[in-house]
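Q: Input sequences plus hints: build the corresponding full structure.
Protein chains in written order, with full-length UniProt numbering: chain Z, 1 to 206; chain B, 1 to 135.
Heads up, a few of these hints could be off.
[Stated by the list, open to error] Result set (DSBU-like, lysine-lysine): computed pairs, CA atoms no more than 30 Å apart in a straight line:
#1 Z:Lys184 to Z:Lys73
#2 Z:Lys49 to B:Lys45
#3 B:Lys45 to B:Lys91
#4 B:Lys91 to Z:Lys31
#5 B:Lys117 to Z:Lys31
#6 Z:Lys184 to Z:Lys49
#7 Z:Lys31 to B:Lys45
#8 Z:Lys49 to Z:Lys73
[Stated by the list, open to error] Label pairs and their computed distance ranges (CB to CB):
#9 B:Ile89 to Z:Ile137: 31 to 39 Å
#10 Z:Phe97 to B:Glu29: 31 to 39 Å
#11 Z:Ala205 to B:Ala104: 22 to 30 Å
#12 Z:Thr64 to B:Ala101: 55 to 63 Å
#13 Z:Val202 to B:Gly92: 52 to 60 Å
Keep in mind the hints are simulated off the structure, nothing from the lab.
Built from N, CA and C at the ideal position, the CB exists for glycine as well.
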Amino acid sequence: MGGHHHDHDHDNHFTAIEARVKALETLMVEKGYVDPAALDAIIDTYETKIGPRDGARVVARAWTDPAFAARLKADGTAAVAELGYGGRGGEHIVACFNTPEEHNLIVCTLCSCYPWPVLGLPPVWYKSPPYRAKAVIDPRGTIADFGVTLPENQRIRVWDSTAETRFMVIPMRPAGTEGWSEEKLASIVSRDSMIGTGLPRVEDAA
Amino acid sequence: MNPPETDLAAALAADTPIPRDAEGPIFAEPWQAQAFALVVALQNKGVFSADEWAQALGAEIREALAAGGCRDGSDYYERWCEALEHLLIAKGLASHTSVDALAASWARAAEATPHGKPIRLENDPLRPAGPTAIA
Numbered sequence: 001m002g003g004h005h006h007d008h009d010h011d012n013h014f015t016a017i018e019a020r021v022k023a024l025e026t027l028m029v030e031k032g033y034v035d036p037a038a039l040d041a042i043i044d045t046y047e048t049k050i051g052p053r054d055g056a057r058v059v060a061r062a063w064t065d066p067a068f069a070a071r072l073k074a075d076g077t078a079a080v081a082e083l084g085y086g087g088r089g090g091e092h093i094v095a096c097f098n099t100p101e102e103h104n105l106i107v108c109t110l111c112s113c114y115p116w117p118v119l120g121l122p123p124v125w126y127k128s129p130p131y132r133a134k135a136v137i138d139p140r141g142t143i144a145d146f147g148v149t150l151p152e153n154q155r156i157r158v159w160d161s162t163a164e165t166r167f168m169v170i171p172m173r174p175a176g177t178e179g180w181s182e183e184k185l186a187s188i189v190s191r192d193s194m195i196g197t198g199l200p201r202v203e204d205a206a
Numbered sequence: 001m002n003p004p005e006t007d008l009a010a011a012l013a014a015d016t017p018i019p020r021d022a023e024g025p026i027f028a029e030p031w032q033a034q035a036f037a038l039v040v041a042l043q044n045k046g047v048f049s050a051d052e053w054a055q056a057l058g059a060e061i062r063e064a065l066a067a068g069g070c071r072d073g074s075d076y077y078e079r080w081c082e083a084l085e086h087l088l089i090a091k092g093l094a095s096h097t098s099v100d101a102l103a104a105s106w107a108r109a110a111e112a113t114p115h116g117k118p119i120r121l122e123n124d125p126l127r128p129a130g131p132t133a134i135a
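A: And the structure:
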């Protein structure tokens with residue numbers, strides 16, 4: 001039995017940044033700006049409730065309901081609210097419809113603004129400096145980096161997101177999906193196809 | 001954009017591969033989720049606007065890149081935390097001293113908490129009694 005005062009395990013350790021986040025949280029809780037339970041609810045919402053499946057349902061509805069597609073084109077925020085998405089307020093959703101003449105690509109050159117209410121949180125690459133730079137300078141090359149080759153005669157329009165305006169891409173409905181249910185259509189709408197770095201693929205159908 | 005930033009953007013576009021992920025985890029570590037939620041909650045409370053946040057985060061990322069920071073964006077949430085701290089300081093809601101003191105207190109609390117027990121600020125052996133009252 002050694003008489004050590006320090007023989008308990010130091011199993012718990014905060015890295016500098018972990019301690020700093022806890023410090024900021026404590027300050028804001030003590031000032032009454034933040035309720036710890038609200039933080040847990042926010043994390044749960046973004047980890048498990050909001051995600052690209054929501055955006056895919058918007059796209060599938062637009063493919064099957066021309067009146068909805070028209071409303072989505074006219075006022076994206078109001079149209080996605082019909083399906084129960086949005087509600088944080090502040091940001092407008094603008095739907096950019098791909099056509100045979102024009103393909104849309106979204107980026108945020110400032111930081112990482114993204115259509116959260118319909119796609120959840122952005123992927124790692126969307127936030128990366130090379131994507132944010134290359135999407136503007138060489139959009140065709142950027143899309144090619146994702147393994148997608150667009151027809152030479154299809155223009156690419158790049159939309160730079162802001163805190164107020166969040167764009168989402170409405171890809172074209174692929175041939176060979178005639179008669180599919182909305183649910184089956186939604187299963188081929190990938191996250192990347194709603195950013196513009198991908199296309200829906202019939203072979204991905206659930 | 002001024003010329004150095006244009007050069008940096010061109011270099012990034014030309015030389016740095018875009019990192020890729022499948023539908024991977026949303027947050028790599030719990031502190032990232034906590035920092036994310038804190039910013040959403042403060043915006044919901046109107047402590048700062050979405051635009052103020054985008055400007056603050058954008059400036060932090062731009063400065064870090066210009067100073068030779070990670071080009072692949074893997075330091076994104078570190079920049080996120082710095083942007084939050086700087087914005088709260090600019091708004092007079094925090095100070096470097098208060099954040100430093102509380103962070104040190106949390107670090108000591110973690111070390112003093114036995115494995116398996118929740119880490120609480122009260123576990124900091126050097127923590128003065130009563131509310132933090134430092135800001």
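Q: All hints are to be evaluated individually against the structure, with a verdict given for each.
A: Hint check results:
1. Z:Lys184 to Z:Lys73: OK: Lys184 of chain Z and Lys73 of chain Z at ~23 Å, within 30 Å.
2. Z:Lys49 to B:Lys45: holds, 21 Å
3. B:Lys45 to B:Lys91: The hint holds at about 14 Å.
4. B:Lys91 to Z:Lys31: Within the cut-off at roughly 13 Å; holds.
5. B:Lys117 to Z:Lys31: holds, 26 Å
6. Z:Lys184 to Z:Lys49: Cα-Cα ~20 Å, so holds.
7. Z:Lys31 to B:Lys45: holds, 12 Å
8. Z:Lys49 to Z:Lys73: holds, 25 Å
9. B:Ile89 to Z:Ile137: 31 to 39 Å: Because 35 Å falls inside the window, the suggested range holds.
10. Z:Phe97 to B:Glu29: 31 to 39 Å: Holds - the Cβ-Cβ distance for Phe97 of chain Z and Glu29 of chain B, about 38 Å, lies within 31 to 39 Å.
11. Z:Ala205 to B:Ala104: 22 to 30 Å: For Ala104 of chain B against Ala205 of chain Z, whose Cβ atoms are near 55 Å apart, the range 22 to 30 Å is violated.
12. Z:Thr64 to B:Ala101: 55 to 63 Å: holds, 58 Å
13. Z:Val202 to B:Gly92: 52 to 60 Å: Since the Cβ atoms of Val202 of chain Z and Gly92 of chain B sit about 56 Å apart, the hinted range of 52 to 60 Å holds.
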